[in-house]
Amino acid sequence: MRDLVILGSTGSIGTQALEVVEANPDRFRVVGLAAAGGDTALLAAQVLRHRPRVVGVARATAVQDLQLALYAEAKRNGWNAGELKLPRIVAGPTAAAEVAGLEVDLVLNGITGSAGLVPTLTALETGATLALANKESLVIGGSLVTDAAREGQITAVDSEHSAIAQCLRSGRAEEVDRVILTASGGPFRGRSRADLVEVTPAQALQHPTWDMGRLVTTNSATLVNKGLELLEAHLLYGTALDRIDVVVHPQSIVHSMVQFVDGSTLAQCSPPDMKLPIALAMGWPDRIAGAAAACDWTTATSWTFEPLDDEAFPAVALARAAGSGPATAPAVYNGANEECVEAFHAGRIGFCDITDIITEVLHRHLDEQDGAAAPLTLERVLAADAWGRTEAAAACRARAEVG
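Take the sequence shown: its position 68, counted from the start at 1, is 68 in UniProt numbering, and no numbers get skipped.
Honestly, I wouldn't trust all of these hints.
Stated by the list, open to error - Listed below are the simulated SDA-like cross-link pairs for lysine to any residue, each with C-alpha atoms no more than 20 Å apart in a straight line: (1) Lys-275 - Ser-184; (2) Lys-275 - Arg-53; (3) Lys-85 - Arg-53.
Derived by calculation from the structure, the hints in this document are not laboratory data.
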């Protein structure tokens, strides 16, 4: 039995992780949950079902809403007055980190964006295994995160990095030649840059394969998500950036591949279902039976692979530049992107402006290079993140004024 904390419990990863828990009550016990606080009804239902000792909400104003939702959910389930014992509720911007610091065996970080960095560092400090879906915390934290983690302490939740981990079991580190990340190509695969100019926020959220939140879905449409995954693979598995390739695979059946020095390439294949990598990350190194459906080999099917169009989708090349630059560059890349995604959905900039502004802000940072050799600290990461957001916000305002 593994005691478990789930951060981002009301999001896509968090809700599916709880379904894995429900299917395996003999393997996992929920001790803590944390969420932003935007869906207190769902959070209340999760609390009553799993009975965690501690619940965190990032929005301090959501505490009373959560309490009311808990009583309403208890009444809906036929509980009598006085039967509900409230968990300890912590609130505010440090709530997720506080929950991540509980003494447990496993912390699943399903928070979206750079807000997951401090909870990631907190979880690692406790010694718990960290099932990491929050790729941004590793990407922007870089050596802060990798130095804080003991060998094998981080398990990958992303389907691509889970696939790589599974393939790497087949050879020694010195036998690995290349890592190949697969990308679905998003909703705009095959379109030219000119075709993308008039893309609307609603269109950007129509991912053909995966059901994700707004930020990750938009990042998948721009391929910024694949850029982040490139940097994540580099940090997780110690593979040089120039030995990581990205190939477009629209069927999303081959989740990634590892090529070995003898010419052999191993792939991990399964229908697109995040429960498989979530369950594997939670149970690592053991597999959890029945986590997801397997491929149906009785039905004729075709898998295709295409090169990435860097002109229409420059986000991966930008990520390579960030990963090859000063240690703070990935935080600038990610911070600028998060600011641009918000502006895009608010109607202040266009779809192509997202990567255009990231390019401007990132190259400005790369050109400065001040303090590039200085040790990476949390303060430097947060300052780079804030600088990237500020510069991107200014660029978004400038475009809005012109357009």
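Restraint status (C-alpha distance of Lys-275 to Ser-184 at most 20 Å): 18 Å, holds
Agreement of Lys-275 and Arg-53 with the hint, judged by alpha carbon distance not exceeding 20 Å: 25 Å, violated
Restraint check for Lys-85 with Arg-53, where alpha carbons must lie at most 20 Å apart: At roughly 10 Å apart (the allowed maximum being 20 Å), Arg-53 and Lys-85 satisfy the hint.
Violated hint for the displayed structure: number 2, the only one.
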